[in-house]
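Peer 1: Given next are the chains, with one letter for each unit.
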Amino acid sequence: MDAPTANHLAEAARRGDKAAATRLIELFYERIYAFLRRLTGNDADAADLTQRTFSRVWQALPTFAGRSTFSSWIHGIAHHVYVDWRRANRHEPRSEEWWNARVATQPAPDETAVHNDLAAALFASVDTLDHDLREAVHLHYYQDLSLQETAEALGVATSTVKYRLRHALAQLQWQFDHDRQTLKSPYPAKAT
Amino acid sequence: MKPSEQEIENLLRRAPRPAPPPALKQQLADQMNLTSTTTAPHSALFDQMPLAWWRRWWPALAPAAVSVACAVVITVQQAEISRLKEAGHTATSAAPTATTPLITPTTYEGANATAIDPSAAEQDEITRLRERVKQLTAEISQLEQTQKENEELRRQVAAPPTLTQEEIDALTKAKEQALSIRCINNLKQFGLAVRIWMLDNNEVLPPDTLSMSNELSTPKILVCPADTNRPAARDWASFTTVNLSYEYLAPSARNADHEPTRVLSRCPIHGHVGLCDGSVHGQVARSHPEWLIERDGKLYMENDPQSGQSTRRPR
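Chains as they are written, first to last, in this note's numbering: chain A, 1 to 192; chain B, 1001 to 1315.
Simulated from the structure, these hints should not be mistaken for lab results. All clues stand as given, with none of them false.
20 Å max Cα-Cα, derived EDC-like pairs, lysine to aspartate or glutamate: (1) B:K1298 to B:E1247; (2) B:K1025 to A:D48; (3) A:K18 to B:D1030; (4) B:K1025 to A:E26; (5) A:K162 to B:E1005; (6) A:K162 to B:E1009; (7) B:K1025 to A:E30; (8) B:K1025 to A:D17; (9) B:K1220 to B:D1208; (10) B:K1025 to A:D43; (11) B:K1025 to A:D45; (12) A:K162 to B:E1007; (13) B:K1188 to B:D1208.
According to the in silico footprint, chain B covers these stretches of chain A (three or more CB under 8 Å from chain B): (14) 56-70; (15) 133-146.
For each residue, glycine too, the CB sits at the ideal point set by N, CA and C.
Generate coordinates for the entire structure from the input sequences, incorporating the hints supplied.
Peer 2: Dropping the structure here:
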């Protein structure tokens, strides 16, 4: 990504440059919306949380010290916005139908129907993961953040992110290998 | 079908991205509320060197700056030391040339004289050395004189003193006084030994002097220092009456504590008497023989016949 450019834009926006702030919106609002859309499961909440996220960004911009990339910093704010929203609303993870619909709408000329089924099942399985594992998967794989950026966004060590990702992959593999309806997982998901 | 970990990662990376509503971007732009931070004007240096960079690297840069400053200070000090050393060498090498020429009245013949004659300098050095030799010779003769005086004094000290009759009498008296005091001390120890023996033997005094061998430290105290006829015994094994100067006047006596004025021992030379209470009275038998009263075969010292008690201060 163009992290140095984003950091320079943030520095300019911090000094009151509205053009730089607009450019930051153009660069990040789609990613933040996608991140929150996957987590919340509906468009209205995702749009609302995206607006809250950018509102907090403008408030906290004077404190942005540049120790991390702007991408990880804004994802960290989005993460906290989502956590606050989830605590207030107690929303459950969405159903598999949403992922089925999303996968079906994606053009995949080189993929078979079996592959699409596999992807839909995988994405649905991600939503059944523990909250910490799920957010690590979202940030690292879905949002394409590096391990260090993911760690900065979540406020944990890089080694913790690695552990959570390996744990998540192992659990996803196990779910494919066993019948979730009859067998008990060795990685019980926490109630979210 | 069980997908591999790599396949799962690939699928996750290709997850569909939800598209935002068309109006969201405009809403975000409208809600933009920038709080302009006009905290401090940024200089060109800050534009080139971001504050974040400085905040990240100052823990490493600060010690480095201190180290560089120390190195500069040390270098300056070394240069100063080298300069001072060089100045010292220069001064040392210049010193002999400044002291060698000796300007004397014979060589310095006027204010306009600029050159010094080497032969005159040597002559002056010889003169100075001769004066030094004379001075040393005088000191040696003085030392020899002092040595002779010391030898004379030593000889006088080693020679027997020539005393007058008065001095001899005083010296003799002092010697006798010293012997008398030593004798009193012997009687004190004798009386103490008797009392110790009495305490260990049911208030009965020892039958003879030899019985107190455990209480007396040495038999030498049983000979009066002024008694030249009796040699002191080296040990108790060789002790006989020949080695005893003092008279033991209360052998095997009982209840000695009830008769404190009873005479326990007596020196026939000095006349000192030791009483049963452990006290010793000097020269009583010689200067006040009337104080010694004999009753029932026992000898008592009473200097106050009315009260029947001794009032003299014991030693």
